[in-house]
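If you want the numbering used here, it's the 1-based position in the sequence shown plus 789.
Just so you know, these hints were derived from the structure itself, not from any lab.
There may be inaccurate statements among the hints.
Pairs of lysine-lysine, DSSO-like flavour, derived with a Cα cap of 27 Å [to be verified]:
{"no.": "1", "residue 1": "K899", "residue 2": "K817"}
{"no.": "2", "residue 1": "K808", "residue 2": "K899"}
{"no.": "3", "residue 1": "K808", "residue 2": "K901"}
{"no.": "4", "residue 1": "K902", "residue 2": "K913"}
{"no.": "5", "residue 1": "K817", "residue 2": "K913"}
{"no.": "6", "residue 1": "K817", "residue 2": "K805"}
{"no.": "7", "residue 1": "K913", "residue 2": "K996"}
{"no.": "8", "residue 1": "K901", "residue 2": "K913"}
{"no.": "9", "residue 1": "K861", "residue 2": "K816"}
{"no.": "10", "residue 1": "K816", "residue 2": "K805"}
{"no.": "11", "residue 1": "K816", "residue 2": "K899"}
{"no.": "12", "residue 1": "K988", "residue 2": "K909"}
{"no.": "13", "residue 1": "K909", "residue 2": "K899"}
{"no.": "14", "residue 1": "K861", "residue 2": "K899"}
{"no.": "15", "residue 1": "K899", "residue 2": "K913"}
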Amino acid sequence: MKEVKHSPLSNLPLWKQWKEEGSTEAKKSLIEQYIPLVDFVSNRLAIGLPKNISRDDLSSYGIMGLIDAIDKFDYTRGLQFETYASWRIRGAVIDGLRQGDWVPRSVREKAKKIEDAYQKLEQKYLRSVTDAEISEYLQVSEGDFQQMVNDIAITSVCSIDDPIKEEEAETRLSLLVDETAKNPDYKVNEVYLKDTLAKAIDKLTEKERTVVSLFYFEELSLSEIAEVMSLSPSRISQLHSKAILRLRGSLGRFKGQLFQN
790 MKEVKHSPLS NLPLWKQWKE EGSTEAKKSL IEQYIPLVDF VSNRLAIGLP KNISRDDLSS
850 YGIMGLIDAI DKFDYTRGLQ FETYASWRIR GAVIDGLRQG DWVPRSVREK AKKIEDAYQK
910 LEQKYLRSVT DAEISEYLQV SEGDFQQMVN DIAITSVCSI DDPIKEEEAE TRLSLLVDET
970 AKNPDYKVNE VYLKDTLAKA IDKLTEKERT VVSLFYFEEL SLSEIAEVMS LSPSRISQLH
1030 SKAILRLRGS LGRFKGQLFQ N
């Protein structure tokens, strides 16, 4: 489904009633107004998850995230609620899933090994490495490597509350910037961030770049992308997983450059 768009001021009377008068009826109305955001985010995250993960569970987690967003949102700052709420909903869904231990430790270990392999080999060769090179580095057959990628497809989502590196406290949420606030470092970091992302995306294969573009910018489902690219949904899922692992490895390598200040 398409994301429901609202004008930033379309629900201003409700926001005032809730924030300034504490009207529970106004809060209930806001929840009803923005509940389509929960469906949108939940449906996006459901792609590639195991079949035993209930859509109702995703929606329940998402609703809690929406309520949290409504409680914490400051309507006086001129920000768009939909963007803020989408991050909160996504984080709540992923955190809810992780509390249920939905991904085995062994799968997460595989993801970390492949991510590290991409990081080290692409830093060494300064180019996009092949499946054969990754397989050799991991000391597994190419068939086993492809199976590993399939196994970790469900870990390609992340919470904004996750630490950027396991041994550090800084989270993705801490890096979200309020563009209306005056921050002298923002423009500098923005330039580095764009440069780093561009370099990371350049290292993706052509098919991986296409999948990332169609999934995150055109908002197509995996099955729709499969139809566009004349590939199977499982192959699209695999390409998506490889792209995410490559990007994580590249961004991790440039972290010191991006956030040294």
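(message) Output the indices of the hints that this structure fails to meet, ascending.
(response) Hint check: 1, 2, 3, 5, 11, 14 fail, others pass.
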